[in-house]
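Colleague: In order, the protein sequence lines correspond to chains A and B.
Take the first sequence: its letters are residues 43 to 427, numbered as in this note's numbering.
Take the second sequence: its letters are residues 704 to 1006, numbered as in this note's numbering.
Since the hints were derived computationally from the structure, they do not count as laboratory data.
Any given hint could turn out to be false.
[As the list claims (entries may be wrong)] Okay, derived cross-link-like pairs now, SDA-like style, lysine to any residue, Cα gap no bigger than 25 Å in a straight line:
#1 A:Lys73 x B:Lys819
#2 A:Lys191 x B:Lys738
#3 B:Lys899 x A:Asp127
#4 B:Lys899 x A:Gln194
#5 B:Lys819 x A:Ser99
#6 A:Lys168 x B:Lys738
#7 A:Lys191 x B:Leu926
#8 B:Lys819 x B:Ile830
#9 A:Lys191 x B:Glu906
#10 B:Lys899 x A:His150
#11 A:Lys191 x A:Met166
#12 A:Lys189 x B:Leu904
#13 A:Lys191 x B:Glu901
#14 A:Lys191 x B:Phe888
#15 A:Lys73 x B:Glu905
#16 B:Lys899 x A:Met166
#17 B:Lys899 x A:Lys168
#18 B:Lys819 x A:Lys168
#19 B:Lys738 x B:Leu891
#20 A:Lys191 x B:Arg1001
#21 A:Lys191 x B:Arg997
#22 A:Lys189 x B:Phe968
#23 A:Lys191 x B:Gln856
#24 A:Lys189 x B:Phe924
#25 A:Lys168 x B:Leu916
#26 A:Lys191 x B:Lys819
#27 A:Lys73 x A:Asp86
#28 A:Lys168 x B:Asn917
#29 B:Lys899 x A:Leu151
#30 A:Lys191 x A:Arg162
#31 A:Lys73 x A:Asp127
#32 B:Lys899 x A:Asp86
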Amino acid sequence: MAEPQVLPAAKPGPLPRANMPLLRIEGVAKKFGSFRAVDRVSLDIAAGEFFALLGPSGCGKTTLLRMLAGFETPDEGRILLGGKDIAQVLPHERPINMMFQNYALFPHLNVRDNIAFGLRRAGMAKAEINTRVAEMVTLVKLDGLEKRKPDQLSGGQRQRVALARSLARRPQVLLLDEPLAALDKKLRESTQLELMELQRRLGMTFIIVTHDQEEAMTVASRIGVMDAGRLDQVATPRELYEAPLSRWIAEFIGEVNLFDGEVRSREAGRIVVSTRDAGAITVAEPRNPVTKATVSVAIRPEKVKLSRRGPVSDGTSSQSINRLEGVITDVSYLGGLTVYKVRLDSGAYLRSSMANTARIDVDAYSLSQRVVAWFTPDDCLVLEQ
Amino acid sequence: MSARRIFARPARYASIAPYVWMVLFFLVPFAFVLKISLSQTAIAQPPYTPVFDVAAGWAAISRAFGALSIDNFRLLVSDDLYVLSYLRSLVVALVSTSILLLIAYPIAYGMARLPKRWQPIAMMLVIVPFWTSFLIRIYAWINILQHDGLLNQILLATHLVSQPVVWLSTDSAMYLGIVYSYLPFMILPLYATLVKMEPALEEAAADLGASPLNVFWLVTFPLSLPGVGAGVLLCFIPIVGEFVIPDLLAGSNSLMIGQTLWLEFFTNKDWPVASATAIVLLVLLIAPLLLYDRLQRRQLEQH
């Protein structure tokens, strides 16, 4: 994950918006018995977007996707595709295709017939089908495997067949339900890049469902975070990481240090929060003014710097730099970065991660070493919920 | 000693068990029946000649071998009675199996799509009739179908008919009895394949533009063929040899091969002809079995 240095602009993410979005989800809700799987979700998705629905399992993301595909009917709300309500349209009559989690390849058909299945149903001419299938086979690099049955393919190859099959009809929207969950880490990462490349080349609208925040941040231009049936935040990956709307999202996306406290004073764009575990922390006033008295202060580990004596004064801002003293209790070397766990004098823990920019680090910190952890007010985030 | 070595020896013995079973309970009785089918009927104990007597010495045994003939098989081919019985058995089995498939498939499909917690209950409902003796259930049908039986009483009471209808001793009654008795044997293998099928496959077909009817014929049915094959064999083979149901529910104007065999054995006391009838029936039934076995083997190779 890249380490962003500045906060994004105050405006919502850079989304190319036409007058009408390609897909508009309006107050959609779905209950199973008394369980609210999807709870009045509204969302606009523009043509050509790569959108990710991210959330823990059971958060309703798959149910929402299945309503887009037509396998579930919403109890409330509308789903507009190009301005037309499709909430009641049967799956086989929607210009939307889906790539299934376990691929759902037809085991009795070979690769060619799997890919051609949707084209035959569309009543396409035979010659045209052959051309399109050949095109798809080349697109997903399956040349030479057309005659194989699904069980004669590797996991990665099956994933490609599923992708080719769902793309063959050139749907207006492609839904991907945890498309890479069955692949091992290395293959998953390379396939993520290929998916992005493919989406950009085809200019198609992709909606991916995933529980893997790294995957969502890699592939998607916008992410919708879901929890307990609700869409909690829709934002670009950077916004989600640097400006999460809630404590829950801050913890769900990446690592974070959280300190609960009360607002003690505010002046000149600075708020002082008095926390039990880390004393008084000076934070920058967020763009939406803080209204509650009880808040959480969030600091990402990579924003926390360590030093032996404390930060070197740089004149004006040094006054408000937050400094916490403690002892290093854990050092995890992860290759690209090292994560230090610092026990503060209050007994609470603070995590700091530092990029290993030099191959030989003579200055590395070691266990039991006493250090000063410091971060600027701009690196902190005040969360009210 | 490793666990593997401890278990290796009993495992090897256990693998012989099916063969021992086959030899003791199939091949040896089959050899007896085959021998009797090549003998001639006689008023004696046992009621056929020649009889192998090991005590009589080698010469007697070789004389006995010389006395064997295929006359009984000639009779089976030349006499209409037997040919018609075989044909009727095959037709009855074919018709019954088709009806069974048509009725059992939707039931099995419905069961496989029930919520998981209801499936064991549905399964029980299919199996429960087996807890009552088969004969009692057939007699119950006689009760229902007879002249003043339950069915006619209901039809008369609801004024659907003005005269009692003859149900018993008709082919309809026989088909009813057969379909009723064999239904679980068709439902269970179908259910077993359908319940294993990933529901996502049908969704994928619908997603790719297949109408519900196309989803069934292009995905569901082809993938359920192993179950269809098993169910058809499980019903077809025993129905061909069925004796009790046609004897109790059908008319007496035409006989199934099981009835003919019974008559030859018990009424005519012609053990050799009865044995020959059984041998021919076995050969007729082995053909579809071998075919099914080959199909399954091919499917296994694909996987």
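Colleague: Next, verify each hint and record whether it holds.
Modeller: Structure-based check of each hint:
Under the criterion of a C-alpha separation no larger than 25 Å, the hint pairing Lys73 of chain A with Lys819 of chain B is consistent with the structure, at around 19 Å. Pair hint Lys191 of chain A plus Lys738 of chain B does not hold up; C-alpha atoms about 50 Å apart against a cutoff of 25 Å. The hinted pair formed by Lys899 of chain B and Asp127 of chain A fails the criterion: a straight-line CA distance of about 35 Å is larger than 25 Å. Of the supplied pair hints, the one linking Lys899 of chain B and Gln194 of chain A holds, its CA atoms being roughly 20 Å apart against a limit of 25 Å.
A threshold of 25 Å between alpha carbons decides the hint, and for Lys819 of chain B with Ser99 of chain A the separation of about 21 Å falls inside it, so the pair holds. As the CA atoms of Lys168 of chain A and Lys738 of chain B are separated by approximately 62 Å, the hinted pair breaks the 25 Å bound. For the proposed pair Lys191 of chain A and Leu926 of chain B, the alpha carbon gap of about 14 Å is at most 25 Å, so the pair holds. Straight-line distance between C-alpha atoms of Lys819 of chain B and Ile830 of chain B comes to about 18 Å, which keeps the hinted pair within the 25 Å bound.
Among the hinted pairs, Lys191 of chain A with Glu906 of chain B is consistent with the structure: their alpha-carbon atoms are about 20 Å apart, no more than 25 Å. Taken as a hint, the Lys899 of chain B and His150 of chain A pair is honoured in the structure, with Cα atoms around 15 Å apart against an allowance of 25 Å. Distance restraint check for Lys191 of chain A and Met166 of chain A: the Cα-Cα separation of roughly 23 Å lies within the 25 Å cut-off, and the hinted pair is therefore satisfied. For the proposed pair Lys189 of chain A and Leu904 of chain B, the alpha carbon gap of about 20 Å is at most 25 Å, so the pair holds.
For the suggested pair Lys191 of chain A and Glu901 of chain B, the alpha carbons sit about 17 Å apart, so the restraint of at most 25 Å is met. Using a Cα cut-off of 25 Å, the hinted pair Lys191 of chain A and Phe888 of chain B is violated, with the two alpha carbons roughly 31 Å apart. Taken as a hint, the Lys73 of chain A and Glu905 of chain B pair is honoured in the structure, with Cα atoms around 23 Å apart against an allowance of 25 Å. Between Lys899 of chain B and Met166 of chain A the alpha-carbon distance is near 32 Å, which puts this suggested pair outside the 25 Å criterion.
A hinted pair counts as satisfied when its Cα atoms are at most 25 Å apart, and Lys899 of chain B with Lys168 of chain A does not qualify at roughly 33 Å. For the proposed pair Lys819 of chain B and Lys168 of chain A, the alpha carbon gap of about 42 Å is over 25 Å, so the pair is violated. The suggested pairing of Lys738 of chain B with Leu891 of chain B is violated, with an alpha-carbon distance near 38 Å, which exceeds 25 Å. Proximity of Lys191 of chain A to Arg1001 of chain B is assessed by CA-CA distance (about 14 Å); at most 25 Å being required, the pair is judged to hold.
Proposed proximity of Lys191 of chain A and Arg997 of chain B is supported: the alpha carbons are some 20 Å apart, at most 25 Å. Restraint check for Lys189 of chain A and Phe968 of chain B: the C-alpha separation of about 57 Å exceeds 25 Å, so the hint is violated. A distance of roughly 58 Å separates the Cα atoms of Lys191 of chain A and Gln856 of chain B; the hinted pair therefore is violated under the 25 Å criterion. Taking the CA atoms of Lys189 of chain A and Phe924 of chain B, the gap is about 22 Å. The hint holds against a cut of 25 Å.
Of the supplied pair hints, the one linking Lys168 of chain A and Leu916 of chain B holds, its CA atoms being roughly 22 Å apart against a limit of 25 Å. As the CA atoms of Lys191 of chain A and Lys819 of chain B are separated by approximately 30 Å, the hinted pair breaks the 25 Å bound. Taken as a hint, the Lys73 of chain A and Asp86 of chain A pair is honoured in the structure, with Cα atoms around 22 Å apart against an allowance of 25 Å. With a C-alpha separation of about 19 Å, the suggested pairing of Lys168 of chain A with Asn917 of chain B holds against the 25 Å cut-off.
A C-alpha spacing of about 18 Å is found between Lys899 of chain B and Leu151 of chain A, which places the hinted pair at or below 25 Å, so the restraint holds. Of the pairs offered as hints, the one joining Lys191 of chain A and Arg162 of chain A holds, with about 19 Å between alpha carbons and a cut-off of 25 Å not exceeded. Distance check on the hinted pair: Lys73 of chain A and Asp127 of chain A sit about 20 Å apart at the alpha-carbon level, within 25 Å; holds. A threshold of 25 Å between alpha carbons decides the hint, and for Lys899 of chain B with Asp86 of chain A the separation of about 38 Å lies outside it, so the pair is violated.
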